[in-house]
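J.: In case you want the letters, here they are:
Protein chains: 4
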Amino acid sequence: MTPSPALSADADVRSALIERFRTVRERTEALAAPLSEADQTVQTIADVSPTKWHRAHITWFFEQFLLLPHEPGFEWFHPNYAYLFNSYYDAVGERHPRPERGFVTRPSAAEIGTYRAAVDERVVALLESIADPSSLTTLIELGTHHEEQHQELLLMDAKHVVSGNVVDDAYVRESHVAAADPGPLQWLEFAGNIVDIGVADTANFHFDNEGPFHQALLRPFRLADRLVTAGEWLEFIADDGYDRPELWLSDGWYKSRGEGWRAPLYWRDEGDHWSVHTLTGRRPVDPHEPVVHVSFYEADAYATWAGVRLPTEFEWEAAVNTTIAESSDGAAVAAGIDRDIAWHPPGAATETTSLRQVFDTAWQWTESAYRPYPGYRPPEGAIGEYNGKFMANQHVLRGGSAFTPPGHARLTYRNFFHLHTRWHLSGVRLATDA
Amino acid sequence: MTPSPALSADADVRSALIERFRTVRERTEALAAPLSEADQTVQTIADVSPTKWHRAHITWFFEQFLLLPHEPGFEWFHPNYAYLFNSYYDAVGERHPRPERGFVTRPSAAEIGTYRAAVDERVVALLESIADPSSLTTLIELGTHHEEQHQELLLMDAKHVVSGNVVDDAYVRESHVAAADPGPLQWLEFAGNIVDIGVADTANFHFDNEGPFHQALLRPFRLADRLVTAGEWLEFIADDGYDRPELWLSDGWYKSRGEGWRAPLYWRDEGDHWSVHTLTGRRPVDPHEPVVHVSFYEADAYATWAGVRLPTEFEWEAAVNTTIAESSDGAAVAAGIDRDIAWHPPGAATETTSLRQVFDTAWQWTESAYRPYPGYRPPEGAIGEYNGKFMANQHVLRGGSAFTPPGHARLTYRNFFHLHTRWHLSGVRLATDA
Amino acid sequence: MTPSPALSADADVRSALIERFRTVRERTEALAAPLSEADQTVQTIADVSPTKWHRAHITWFFEQFLLLPHEPGFEWFHPNYAYLFNSYYDAVGERHPRPERGFVTRPSAAEIGTYRAAVDERVVALLESIADPSSLTTLIELGTHHEEQHQELLLMDAKHVVSGNVVDDAYVRESHVAAADPGPLQWLEFAGNIVDIGVADTANFHFDNEGPFHQALLRPFRLADRLVTAGEWLEFIADDGYDRPELWLSDGWYKSRGEGWRAPLYWRDEGDHWSVHTLTGRRPVDPHEPVVHVSFYEADAYATWAGVRLPTEFEWEAAVNTTIAESSDGAAVAAGIDRDIAWHPPGAATETTSLRQVFDTAWQWTESAYRPYPGYRPPEGAIGEYNGKFMANQHVLRGGSAFTPPGHARLTYRNFFHLHTRWHLSGVRLATDA
Amino acid sequence: MTPSPALSADADVRSALIERFRTVRERTEALAAPLSEADQTVQTIADVSPTKWHRAHITWFFEQFLLLPHEPGFEWFHPNYAYLFNSYYDAVGERHPRPERGFVTRPSAAEIGTYRAAVDERVVALLESIADPSSLTTLIELGTHHEEQHQELLLMDAKHVVSGNVVDDAYVRESHVAAADPGPLQWLEFAGNIVDIGVADTANFHFDNEGPFHQALLRPFRLADRLVTAGEWLEFIADDGYDRPELWLSDGWYKSRGEGWRAPLYWRDEGDHWSVHTLTGRRPVDPHEPVVHVSFYEADAYATWAGVRLPTEFEWEAAVNTTIAESSDGAAVAAGIDRDIAWHPPGAATETTSLRQVFDTAWQWTESAYRPYPGYRPPEGAIGEYNGKFMANQHVLRGGSAFTPPGHARLTYRNFFHLHTRWHLSGVRLATDA
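Respectively, the protein sequence lines represent chains A, B, C and D.
For the first sequence, numbering that gives the first Met the number 0 assigns the number 0 to the initial residue and increments by one for each residue that follows.
For the second sequence, numbering that gives the first Met the number 0 assigns the number 0 to the initial residue and increments by one for each residue that follows.
For the third sequence, numbering that gives the first Met the number 0 assigns the number 0 to the initial residue and increments by one for each residue that follows.
For the fourth sequence, numbering that gives the first Met the number 0 assigns the number 0 to the initial residue and increments by one for each residue that follows.
Incorrect hints may appear among the rest.
If several chains are the same, the list does not tell them apart, and a pair holds so long as it fits within one copy or across any two.
Simulated crosslink set (SDA-like; lysine to any residue; CA at most 20 Å straight-line) [stated by the list, open to error]:
1. K254 <-> Y88
2. K254 <-> A10
3. K254 <-> D89
4. K254 <-> R267
5. K254 <-> S86
6. K254 <-> P96
7. K254 <-> D239
8. K254 <-> G191
9. K254 <-> W422
10. K254 <-> A29
11. K254 <-> G72
Calculated directly from the structure, the hints in this document are not laboratory data.
Treat the numbers as computed from the prediction; the structure is a model and nothing was measured.
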């Protein structure tokens, strides 16, 4: 007997959701595997969360938003975990203070592994048993994309945690392969236009802040084909870039002086050269690698020094959109984000189209303050706290980074950080008026 | 003998510049007159500058940027004043730390009066003697508009300084006339369009941040005809507006809780009613007056609570532009900023056109982060520090306030403040999608 | 053949030193054993050090001060450990910042175990091989007493670290046995006198701050036979003790208000009763147990409330000295500190003499600021930093606590803490003029 | 008819009290006279109070503690002054926050003059009319001595306020007369003894902290005949005294590094010499003048560097007591505090006895923490807050300074400051064991 098309489709959805869920969940555990119990527990700055906390939080997210409303006979895995592992959702109750995440010595990393396994089992059981699996598609997609975001945070945060250790500061051991010379920066030219911005086809997964789809008016502009390199940044330093207030936004100047910035985060002056801390430990700065771990203030000052500017997020999106469309090999861009290790060395971009280092190297600061698109409304309920409430005092970054999970980045994706933070994999793509 | 047209024109320019200069300079002294030596010396928060400092700083501005390059045989009035009264121009040398402005007990207010008189005399002498007075037009206009900005700051700051005094907190003594009932809020509707933004006719004075002239793409929207009233704000308070995190931007929520905000700045809970500190001292809140002294965070939370939003600065500019153009009585809007006292009570707007309380009541927070217009470049030299370096972490306010000097506000004017500050005369005009 | 007396004595010294060293070193590991890798890594406040750090620091102390000068062919176990595990000895080089001790995820707790074993082996080898073992007596005694001090700190600190955990806050699991009713407080009376203070027989081990031996002039006084109980402290709370400024030293009042103190550290208001966090987890406050974890400010306010005062350290020493001397059972006092568990519940004092709870219950705040005795000079070299440089802004505590290792406390011992700290096992013995 | 002896005595008491009251009150106004309204209003650091505040506070003290309980038909001069000008008396009600004293622009300095005159008149009227004037002796004495303390504070504070002014930093204009070379430091030797400490004859005015009279046991010691000079301090600086942690108490070392201390307060490195700010403005450091404006930490570090120590307050009192007693010219010491200007240049001591610079040059830091004498109890009521509640975290200074009013200092006087403060006229007298 042939199954009805509906059932067959259901079966496909069911297995696809389970496959998606399992893949993402396993990748998190693989990323955490090199880290010891101590590495997973510590919080070095308030921005950083412990690995252990990430692993638990993204599990709680499934428990809170998927199992609680959908699992028959739901019970909390542990009475305190919702309190401990809620990140910032005011609507679902009290939560543990963020700056004290590094004081949570119990549960242990192993106990969080047990928690993860238990929730995994229950989610899969629910997906296997539910009559209409497609009713959970949205939540599985949100939960897995949420977990992918935390995979990148986990790497950023772990990099910071291990960086302070004087006896061993590597996340994994691996040799640095010298970055290829990216060649002189090329300017790609784009005409003025009314362009489409944001998610048009809302059937595919996206975050709420990527819409509503709308139009923006652009003037002619040029965009750099690649990111600024460490070698170019050394010229900025040599030209007293960190000591010239006329290059800096006022808030940035005071921050920079207050913190004593002389170079990107993780760079250290070794007398005759600069070294840099990476996931594989400290090594000399490679002039051909893209500069990363710079704040918006530094990116902006660099652009001013170079006599140009940063792109707006609309210019960036329109340019990348156009470039893909015009490319004979659109797949190549996709390939750029299809690599198997998260700590892929910056600089090894694989795109063959004219715009390089778009999705897999470093997030690119934009000129655009992070604000809602026209007509934006946060979703109802706790999920409405996902993005909207952070739309103040931050700038948008576009693209993706070597830490971004494969398949996670996309054209309309809007990442965002405060203007002074530097522990993320952020780089600089320059723009200028045409 | 008839003067040649050129000479005649020169004479007109000369007398017009002298008249303009004298008018503005005298107004500053009139505004400072009600304040004692002590009132003029103290700095209650870092944002506030002493009256005495304002009076000296705007005088130094003429000395530094007008006399130094143009006066034959220039000598500094006092060897330390450039150090003491430079506000933030890094390019012209070291300066006194802002948080210590309130520690400057010498020179006295009277000595600063002497300084002002001496510079006035020299500027007027220069204007009278220079062969081509129009060569100084730009600097006189910049200097006088700069002084007008400080006139508003002087009132804001003096209001804050006297507010802390328990024995007498009035700047001037004057009775409060009950505000007229502004009636129910009306929504004015505007079509989507590509609109002109910024200064087109650059011959008229404007600040650099008002250009370049460019186009923006607007979607249909509605704009409130008047500002939110104190009475409406009381409803927000009564509905727990200050206690509901879902209404607030995250940064705003933490700021509000940290500072213990329960109402706008200067409001005080008197048990059975709210009182408010004004330039004429403390009195009961008047429900018909516009709410003022609210931060961007509060304005945004209020709009969210009301189910609408704040306008973008482009919507605001386009709407005001259209309204004036369509109005049969464009002069009425101009009249709105043509009043003879700076401390004109909020609420007494005189516009008769459909958009009310535009320029003379309270600055209106916009949805727009303060960022440069496309193609913006700061001017060369120290004057380049005037606006550009502050384009981060602030939002644009449009319009003008009861503290804005007559004739100072205009359609394209961009005021800006950090999202948390409240000591300025800021109010709320609502918008919504059409 | 009979060994010569000299050799025999050497053999005795040798085995005694090895025995002493091994006993102390093993006890540290036993105290750390209940704590996980995460528990041993975290630093909850700047005062607290991680267990792992304590274990390493006291090992480095032997490496630095014993092995480095005495071991033939000495080599550092690890090139970075002297930097990481130096606590505060400026004379021996740069050191890791104290507030970042909780960021050291590497070496692991197990690696520190290896470090300890290696140093233990080398110290024992040195003791076995050195011609004149008695030349190391002073250093072995200093090192082992130093380690005993850190054993108490380790327990205090671990108690604080685990206290923040909502899912499990116990160091070990053990049931609370209700404290016996200590009965009404009895006043013991002491005559005025010139009394001996400090270490007279310098042959026995003591810290430098216990001498020089000298005389002090005392007036007649009375001393409480036991510590203030939790039940008595509840009366102080009920009588608004924490809300009456007239009871408090001014610095204490501001500290208390600033920190929101309503009860001793670790107490929590459960609505109808108070609970307290202990090494065995949280349980109801037992009215018969001595109050512990109070600051000097609280102890002083309590004494003022009770109409009496705290003893001076000289009164305390003279009274305890006399009591032991007069007692028919001096051994009983010694027995009080001879118990086999460090986390012995407060309140289970075993002395049978007139002064109770002297050495084994809680350190007793004294009226005396921590200052050098007449003629005190710190030793030369790094060891001189052991005590002298802390003689400012602290008060002396006398006695010992349930956390003090057996045999560590003694009559002349001077413990000291800042007036506001509370994470130590400090209690209150009252005094009054006779 | 001859008045009865009792009446006659009353008349003497009456006129003596009025004379005493008027003399002290007038001296305060004389000290404030050189200061402008602005100078009298500003508060540069939390430790400093505005001159205007001092003038009002000491007036309120008479209103609160003398007039309120004794004046028939008492009414407050102004309903807010008790709130504004209460310094720290919790028992008499709420008060204005100390760090905001510099924000009080109203009342003006002139209005405070009016307040002072009104209270003066009422106090004198009360003294003239009361049947038994001697019943007010205690309060008049307390109030006038309290005012004298504030006269010294007023000078200390005014010196700090004017010090920040770049255009004129003098309190009064006066030339510096080079200090005479005090010659090599001489050590005076004192035998060990049981000595009397504190006020024995309680009939004379004294503060509560100077008693109870009691005995202390001293060991033989030596005391320097004069204070450490600026020239000697320059040697300490040249020998890296501010850069050698082994010389410093730990708390002092961190404070010094945190604040960047390189020399006493008010000293400035002018490249080829050091200058110092004084009441008469800035001038070169004079090597023969005593060093002043040093913290306890610096005084202690200097003494350690010099291989000696600071005296205890008991040594100081016993030595001064002995020296006066042995002197054939005890009056000379008294003469030392009988000078006619408060801002008498340090270094011009006039004693002819062996101990020099005792009462009229600079307060002398002692080794002794500020703690109550045996048997000390604060008085009942608000006056009990005068001294007792500050007996924590401070050290005693003995003697008096060039800023101390004539007749105010005495043998048993105990001044006190926190260990890190420097804005007082504090110097260093060395001691050592004999």
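J.: Tell me, in ascending order, the numbers of any earlier hints that this structure violates.
T.: Hints 2, 8, 10 and 11 not satisfied by this model.
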